[in-house]
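Going by our numbering, the first residue of the sequence shown is number 1, and it counts up by one from there.
Check the hints yourself; a few may be wrong.
Claimed, not checked - List time: in silico DSS-like cross-link candidates among lysine-lysine, alpha-carbon distance up to 27 Å:
#1 Lys355 / Lys339
#2 Lys229 / Lys355
#3 Lys29 / Lys66
#4 Lys29 / Lys100
#5 Lys355 / Lys300
#6 Lys346 / Lys289
#7 Lys66 / Lys100
#8 Lys339 / Lys300
#9 Lys289 / Lys300
#10 Lys229 / Lys300
#11 Lys346 / Lys300
#12 Lys355 / Lys289
Keep in mind that the hints were calculated from the coordinates and are not lab data.
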Amino acid sequence: HGSVEENICLPDLPLTAGLFVDRDALSQKAARYIALFDGVTGDGFAADVPVGDLRADQRQLVEIMKALATEAPIIIFDEPTSSLDRSQVERFFEILRRLKEEGRAMIFISHRMDEIFAIGDRVTVIRDGETVGTSRIAETNQAAVIALMVGEQDHLVVPAATTPATAAPAGEVVLSVRNLTGPGYSNVGFEVRKGEIVGFGGLHGQGQSRVLRAIFGAHPVVSGEVVLKGERLTARTPREAIARGAAYVSGDRGRDGIIQGRPILENVTPIHYLREKLLLARPRAMREKATPAVEALHTKFAGFSSPINSLSGGNQQKIVIARWLIDRPDVLLLDDPTKGVDLSAKADLFAHVRKLASEGLGIVLYSSEDVELLANADRILVFNSGQVTRELAGEERTRFNLYHAAYEAA
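Can you build the whole structure from these sequences, using the hints too?
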């Protein structure tokens, strides 16, 4: 809330007589920091504009201005450039270099390897909450830093759980995506065969979820095409995608998954009713349909009439997946499905996902956890800034390669 200038001065508002905000002093102070980014703030950016009306990159610039306005001797920037464009980053780095010359100390936390090497003097790698190494930037390189991030254990490939010995050979192409472009992703293309699990890797928020939601008709597509079972899919809504045999499971259960406050039974069966165009709900018939799907996932619950919110996160997610098992889809899109799910439920979910693949489903799995991808995907497409920049297959599926592709400059 509040205007750009109010937000910039928030840590230390200039007051008159100790009571009222001195508007003139506030405007003058804010103007100094806005001027630092003159020319790269973009259209619609001004001191009196409400922050809520700004784009994500402009809001990020306000956060940076706010930190600079504290005039603190030590400033910590946590992923400050995640939503900035190249010209904004260059200007920001110019400012940081000036501050360094003035004797200010800065801690810069970033996932972008090229930025750490562009701006840093020393780099410290923290893995699993512990410092594993510190080097002078001038005396190290990106591969050495990534090796510290990965640790010793993982130059070895983690075998995909569906090794050719156990999995049926991948069948015909069930999903083909060509040059798909839209808000937050561009020129994405890949194929998924029956019986195959294709992984989406890369840092969080590089377009993976948007592509999955676009295929499912829940995010805009500007150009490109999706072909499902040989026919073009132009899903404007999830309803159309569902009718054609696509399924989508999100890790964001509150937004995309459970029907809050309703019984478990109603949470398992909505897709069945949609696909079969059924108008009347008959509880007994619903239970008969739902029971095998829920049992297949080892779901723990008291009874179908219990509210969905009475279940743990892992069991809620099993219910969300179970709703797609009553009428089998052809393609299952998994959008970071195990977020906030306990370890035993994760193991159950992935065991079932692999079973579905072995039964001929085509599966796309985005996971923000590299271990899940390496253990479950046959191929991994690494996303960087909305595009697929590398494909890892066979023995290339190592944690080192996954990190290297994710962290290198797009």
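To see whether the hints hold, each was checked on the structure:
1. Only pairs whose Cα atoms come within 27 Å are accepted, and lysine 355 paired with lysine 339 is accepted, the gap being roughly 21 Å.
2. Among the hinted pairs, lysine 229 with lysine 355 is consistent with the structure: their alpha-carbon atoms are about 21 Å apart, no more than 27 Å.
3. The straight-line distance between the Cα atoms of lysine 29 and lysine 66 is roughly 11 Å, inside the 27 Å bound, and the hint therefore holds.
4. For the proposed pair lysine 29 and lysine 100, the alpha carbon gap of about 21 Å is at most 27 Å, so the pair holds.
5. For the suggested pair lysine 355 and lysine 300, the alpha carbons sit about 20 Å apart, so the restraint of at most 27 Å is met.
6. This hinted pair checks out: lysine 346 and lysine 289 have alpha carbons roughly 24 Å apart, not beyond 27 Å.
7. The straight-line distance between the Cα atoms of lysine 66 and lysine 100 is roughly 18 Å, inside the 27 Å bound, and the hint therefore holds.
8. A hinted pair counts as satisfied when its Cα atoms are at most 27 Å apart, and lysine 339 with lysine 300 qualifies at roughly 19 Å.
9. For the suggested pair lysine 289 and lysine 300, the alpha carbons sit about 17 Å apart, so the restraint of at most 27 Å is met.
10. A C-alpha spacing of about 35 Å is found between lysine 229 and lysine 300, which places the hinted pair above 27 Å, so the restraint is violated.
11. For the given pair, lysine 346 sits about 14 Å from lysine 300 by alpha-carbon distance, which is consistent with the 27 Å threshold.
12. Between the alpha carbons of lysine 355 and lysine 289 the distance comes to roughly 20 Å, so the proposed pair stays at or under 27 Å and holds.
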